[in-house]
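Q: Residues 12 to 129 (this note's numbering) make up the sequence shown, in order.
Hint data in this document are derived by calculation from the structure and do not stem from the laboratory.
All values reported here derive from a predicted model rather than from experimental measurement.
Positions of the beta carbon are idealized from the N, C-alpha and C atoms, including for glycine.
It cannot be assumed that every hint is accurate.
Taking CB as the label site, the calculated pair distances span [to be verified]:
#1 Ala126 - Ala40: 30 to 38 Å
#2 Gly38 - Met12: 14 to 22 Å
#3 Leu66 - Leu120: 21 to 29 Å
#4 Asn50 - Ile110: 28 to 36 Å
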Amino acid sequence: MTSPATLFVTACSAGLLAIGIWHLVSGAATERLFAKAANVRIAGAGLLLLSLPCLLWRGWYFWSLAVLLGASGGLRLFAAERNIRLQKGLYSRRVHGSIMSSAGVAMWLIYVTLAPRL
12 MTSPATLFVT
22 ACSAGLLAIG
32 IWHLVSGAAT
42 ERLFAKAANV
52 RIAGAGLLLL
62 SLPCLLWRGW
72 YFWSLAVLLG
82 ASGGLRLFAA
92 ERNIRLQKGL
102 YSRRVHGSIM
112 SSAGVAMWLI
122 YVTLAPRL
C-alpha cells in the first residue's frame, strides 16, 4: 500500500512538472495570467497550503519541502507585485517553466532514492 507521504510527493511532483510544461508550451498565456497580482496571490495561498502536510512527516526532506513551499507561497501571497517584478526582471516564463519542470523531476527522484531512509 502506498503511504500518504508518497502520494503527496507524487502529486506535487506531477503537478510541478505539468505546470512547468504549461509555462513552456503556453508562455504568453501564462504571462498574461500571472501578470495579475490576484492570480499570483491565489497561487501563493495554494503553495502555503501544500506546505502544511509536510509538517506532519518527519525528516529533512519534508521539512525542506515545507520551507521551500512556504517561502515561495509567502512571497507570492504577501508580496505579489514584487514577485511579478522580480520574475519578469530575472528570467522569462520559458526559463521559469524549465526550472519548475526540473524541480518536479528532482523532487520525485530525490524522494524515490531516499524514501527507504527517510
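Q: Take the hints in turn and mark each one as holding or not.
A: Here is how each hint holds up against the structure:
no. : hint                       : in the structure
1   : Ala126 - Ala40: 30 to 38 Å : holds (36 Å)
2   : Gly38 - Met12: 14 to 22 Å  : violated (40 Å)
3   : Leu66 - Leu120: 21 to 29 Å : holds (23 Å)
4   : Asn50 - Ile110: 28 to 36 Å : violated (19 Å)
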